[in-house]
Amino acid sequence: MEVKSRHHLRSDEIRDLETSLESKLGVEVDGDTYERVDLVGTEFDLVLVDGEPHVFLVDGETYLTVRGANAFPPERRVVTVDAGAVQFVSDGADVMRPGIVDADEVIDPQDLVVIVEETHGKALAVGRALEHGSDLPGDSGKVVESVHHVGDELYEFSV
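The UniProt record's numbering applies: residue 1 is where the sequence shown begins, and numbers increase by one.
Listed below are the simulated PhoX-like cross-link pairs for lysine-lysine, each with C-alpha atoms no more than 25 Å apart in a straight line:
id : residue 1 : residue 2
1  : K122      : K142
2  : K122      : K24
3  : K142      : K24
Hints in this document: simulated from the structure, not taken from any laboratory. Since we're looking at a predicted model, the values are computed, not measured.
Please put together the full structure from these sequences, using the hints given.
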């Protein structure tokens, strides 16, 4: 991933970012430095919180990266998958209904969601819900499209 530009966020931009994440996910991201990194040839840009890629911007929406979700575990918009789905989700596969053991009911179609594994609650991926949270668990069908996952270029990004 090639860096196009980098700049520190102003205090009002930091406040907007923190407020957005708190209202969507119920997390308080608290850092000393916030730096936006615009990337070349990607669908997203990054915000480094204290030098770590904890936040990304995708389709104009501010959201936690997988690393960010593990540093600041979200309380809302979480989809939990069983052990059988972990390898597939970690490799970037979309999430299928049978692998889901729990989903936050506030999730609406097209919401970004954090996908966690049920044993330790660790984030594996960020995806886009295709249905309401209450309709995600079930017997068949793809219900969350993968956007970012453990081991992808965004996850491996370093300054």
